[in-house]
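A.B. asks: As you go down the protein sequences, you meet chains H, U, D, S and Z in turn.
When the letters of the first sequence are read in order and numbered with the working numbering, they come out as residues -6 to 247.
When the letters of the second sequence are read in order and numbered with the working numbering, they come out as residues -6 to 247.
When the letters of the third sequence are read in order and numbered with the working numbering, they come out as residues -6 to 247.
When the letters of the fourth sequence are read in order and numbered with the working numbering, they come out as residues -6 to 247.
When the letters of the fifth sequence are read in order and numbered with the working numbering, they come out as residues -6 to 247.
It is worth saying that the hints were derived from the structure and are not from the lab.
What you are looking at is a predicted structure, and each value in this text was computed from that prediction instead of being measured.
Warning: the hint list may mix true and false statements.
What the hints assert, rightly or not - Across the chosen pairs, the derived CB separations fall in these ranges:
#1 Gln245(S) with Glu64(D): 26 to 36 angstroms
#2 Ala169(H) with Ser168(Z): 15 to 25 angstroms
#3 Arg130(S) with Asp125(D): 19 to 29 angstroms
#4 Val25(S) with Ala14(D): 44 to 54 angstroms
#5 Gln245(D) with Lys101(H): 14 to 24 angstroms
Idealized CB from N, CA, C, for every residue including glycine.
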Amino acid sequence: MDLATIIGLVMTLSLLFGAMAMGVGIGPYLDVPSMLIVFGGTTGTLLIGFKMEQIKGLGSYFKIAINPPKEDFLELIRKMVQYSTKARRDGILALENDANNESNEFLKKGLSMAVDGSEPDTIRDLLEIDMDQTASRHKTNASIFDQMGGFAGSMGMIGTLIGLVAMLLNMADPSAIGPAMAVALLTTLYGAMIGNIIGAPIANLLGIRDGDEMLAKTLILEGIMAIQSGDNPRTLEAKLLSFLPPKERESQFN
Amino acid sequence: MDLATIIGLVMTLSLLFGAMAMGVGIGPYLDVPSMLIVFGGTTGTLLIGFKMEQIKGLGSYFKIAINPPKEDFLELIRKMVQYSTKARRDGILALENDANNESNEFLKKGLSMAVDGSEPDTIRDLLEIDMDQTASRHKTNASIFDQMGGFAGSMGMIGTLIGLVAMLLNMADPSAIGPAMAVALLTTLYGAMIGNIIGAPIANLLGIRDGDEMLAKTLILEGIMAIQSGDNPRTLEAKLLSFLPPKERESQFN
Amino acid sequence: MDLATIIGLVMTLSLLFGAMAMGVGIGPYLDVPSMLIVFGGTTGTLLIGFKMEQIKGLGSYFKIAINPPKEDFLELIRKMVQYSTKARRDGILALENDANNESNEFLKKGLSMAVDGSEPDTIRDLLEIDMDQTASRHKTNASIFDQMGGFAGSMGMIGTLIGLVAMLLNMADPSAIGPAMAVALLTTLYGAMIGNIIGAPIANLLGIRDGDEMLAKTLILEGIMAIQSGDNPRTLEAKLLSFLPPKERESQFN
Amino acid sequence: MDLATIIGLVMTLSLLFGAMAMGVGIGPYLDVPSMLIVFGGTTGTLLIGFKMEQIKGLGSYFKIAINPPKEDFLELIRKMVQYSTKARRDGILALENDANNESNEFLKKGLSMAVDGSEPDTIRDLLEIDMDQTASRHKTNASIFDQMGGFAGSMGMIGTLIGLVAMLLNMADPSAIGPAMAVALLTTLYGAMIGNIIGAPIANLLGIRDGDEMLAKTLILEGIMAIQSGDNPRTLEAKLLSFLPPKERESQFN
Amino acid sequence: MDLATIIGLVMTLSLLFGAMAMGVGIGPYLDVPSMLIVFGGTTGTLLIGFKMEQIKGLGSYFKIAINPPKEDFLELIRKMVQYSTKARRDGILALENDANNESNEFLKKGLSMAVDGSEPDTIRDLLEIDMDQTASRHKTNASIFDQMGGFAGSMGMIGTLIGLVAMLLNMADPSAIGPAMAVALLTTLYGAMIGNIIGAPIANLLGIRDGDEMLAKTLILEGIMAIQSGDNPRTLEAKLLSFLPPKERESQFN
């Protein structure tokens, strides 16, 4: 679990609620009708603009964002190099057991195809289709959070306009104007908070998670192609290490 | 029919009208001249910026957005694999009846060409042109909703400016300022509602529908190319399943 | 002539002027200095940012937007198929007269080269350069309207700031504040009208016109390549019809 | 020298200063501290975000924008066709003198390589690297003006916020509020003027100048490749003329 | 060390603090709770949207921005040409010592592979993977500064909304309204300063630094490929000089 997101959420919300508490207290900032407009309206517009199953997945995308599958690229490279060494020494069929016991679905699929003797082009084709489609689904999922931010901002503005119109029609009592306008501004505040504390950052984080997963899949794809064509394990390692930042590169041959 | 969009629309509008009703009532939010400016002005600018036939299609694009042709990718893959099995067993001419009875126009066209013995490159060329042009038309159609949102927002602002100028020239009676400004704000409210409840979400939904249709067409295209070159149906199925998310993949050979 | 643009322009302007008339009358909305700032300033910034000859072409781009050359794609496909049939029956030299009498410059050029026996690669090269350069010029021309919209909005804001500063320095007479601010807002109103009724919609329309012209040129290019290589006219027709929406496809061989 | 930019600058500034003069006079619009914030702050942020040498080049980019090297494409095509004719008649070595006397550096370099007998791929490679790198430098240079506009707008807003805070803390004397707010708005006005009269239009103009230079270089590149491979000068001319708009095409063979 | 950034920072901040001091003094512009909201909230949202290790790298990216590794392209070209001359004269193995003593990691890696007799395609592959991955990491790092700017602006707006609501609920004492609103505006001011003095300019600068590093790596890659294939050093120099602006090109053969 990546604690940064949780720490960031707690930190940001504490500071904002602290600022509210220091002024007029948190109470005046909580207004149920305003919440209904922004939270309900944002949910409503997401329902309009996405498929039900995509909305249902929101929770699991959020979970992936804050608790991503651990990608240890160096460990993965080690594994690919070991498979490569084994295949060169004992033949590719020696990897059959490894393929069956592999927990990473993508690696398992690729290894099995290599063991089964599929054509290199067929393997590359299938794995690349898988990667492209995964990346495309990830992009759509991240876009839900982006759109959520945009829709929340718009609902906030719509709520404020509704409140302003009501306030402007009731200006007989001057002492009521301030509080009425305060309430009208709350939807804008809620919209800005949803958009900037949840929407934009989580969409960004999902993009980073996707980058990590795609890098892992690229390492696997390149590894399997090298295993199948019987490349030298040292050459394979050098190639795979090139995907990592220079200071993280660590060879198992030293 | 995908209920999400209808539910989202009803939910969002109920919340907003509920918020109006709870304050000063819905009546003050309904102003015919303001509606004319925003709805008429948005229609007017769409007429300026698009071809008449594109504007006329708005209703049918909306219908496609909320009631898309059902795409059952797994079912489609099953069908392609069956055709492939049949063609390998009985020859490609055995698919002539299937081609004639096929209701999906794109699949029918591809199958017929394969049965007629067209060159693979010719088939791929024709089907890809069809896909590219369809995607390009879909993009334009979705952009009408996007532009509608932008134009509605602008017309809302223009209406508010017209109202503000009138209000500023009539400040003799202070009690009239509030209501005049309230009315001036209504066009901005209408514009924001059109743009954010209809424009942006429907444009997004049309993009998702287009993605689904393109995926179905890709499955068909890959299937027909494999049928024609006599590929192994299991290999074809493995390839086509790679286009789906891992947990939706279900082989008919197990 | 495509009436949609004219209807849209008349409709939008009527609604806006109607709204002005219903309030304080059209008179107060017409202010010559404000018009000079926005119309003059927009022209001025366009002169800074484009070449004189591009600015001079504004009128003709506008004319193309509202009165585009008629593109009858089906008719064009018919013609290409007829040329193809003739060339297969009587040899490509039989098209010499057709080439000379052709009014479409692009088709004439391509046909003449084919009749003159130019290499297929040379013909494709020349026609593609022509298309690319045309598309690039069209994009620049459409961008003038886009930039016009942006510049008009900015000039509107600059004018309002100038007016606001003047108003703020003259607040001795409270009854003059309202009218002074009203006048200050007029430049913003003018800028928004230019940008959203002319700028953005016409830029969009020019993009659509360009798409139509490019489609026509693609049909011609594909047709000439097929004529030269002696393809079957039915195959050519099938290919060209793939560029059109399914329901517009109509074969002349049925 | 392209007068459009100068005319546009004079026209826009005259109108704006005229509007100021007509109101409260130009004096109140000139405030040295506000100018320092916007002009100094914009320069400062440009220094942060670019390399010193790029900032130093600002003046020369501006000069290129308003006084570009004259590109006479038709004349250039004529020259390429003449070189081509000469090379076919007298051999490519006959161009040695022309290469030495050529003032256009890019053409000189290409011709010299052709005369020296470099491989066609080497020549194309070198000239394309030159073009790509030039285009990339031009894009960065134009982006300085774009960023200048953005930074000026931001500095304007920051200045206004600083002024507003000062004003809000000094509201004891109501008659001072108006003038204080007027001064606060001046930075926003300056920022908008820099961004919209210099920044955006000059960035756009530099993009157009780059397009012209790239077109000239493309004509030279294509010409040299054709000269070296001994293409027919008429074919070369037809190809090069395809880069120009139809009505500017003028053959020297008629 | 590139002094421009430091000069720009000092200059911009001096001007802004000078403007504050000239008005009501710097004191009223410093408000700890407002700072906590903007600085803390920006840090918090960055923590949500990025991985902890990326946030930790912020300081070192900033250092690279203001004190980049010196890239002397002409010197680098000289070195590549010398290596090339040596390899042609004494064989590629003569570069073994140079490879071992090379301080530039990228050049060392490429040279070593060439000396070890790796295949040209393998070398190009590895070096290009390295470049692509480096560019992609650089882009993400620059985006942290961009997002920091956006998040700071949003936190500024959220803080101002919180302050406005508090102010509107406490309008009993009119003399307190001004100062309360002044404080509310401070978060917007802080957000705008972070975004426009640090965020956007540093992101831009990191993009420029990345461009320089990529250019250096491209020169190395092209050089190594030429050394390995035994190209003429003069041809190599001509090619590498094409990457530089014309007036910086300086041949060592003259």
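A.B. asks: Taking the hints in turn, state whether each one holds.
C.D. replies: Against the structure, the hints:
1. Gln245(S) with Glu64(D): 26 to 36 angstroms: 33 angstroms Cβ-Cβ, so the 26 to 36 angstroms window holds.
2. Ala169(H) with Ser168(Z): 15 to 25 angstroms: With a Cβ separation near 21 angstroms, Ala169(H) and Ser168(Z) satisfy 15 to 25 angstroms, so the hint holds.
3. Arg130(S) with Asp125(D): 19 to 29 angstroms: holds, 23 angstroms
4. Val25(S) with Ala14(D): 44 to 54 angstroms: holds, 46 angstroms
5. Gln245(D) with Lys101(H): 14 to 24 angstroms: Hint violated: Cβ distance 55 angstroms, outside 14 to 24 angstroms.
The structure shown violates just one earlier hint, number 5.
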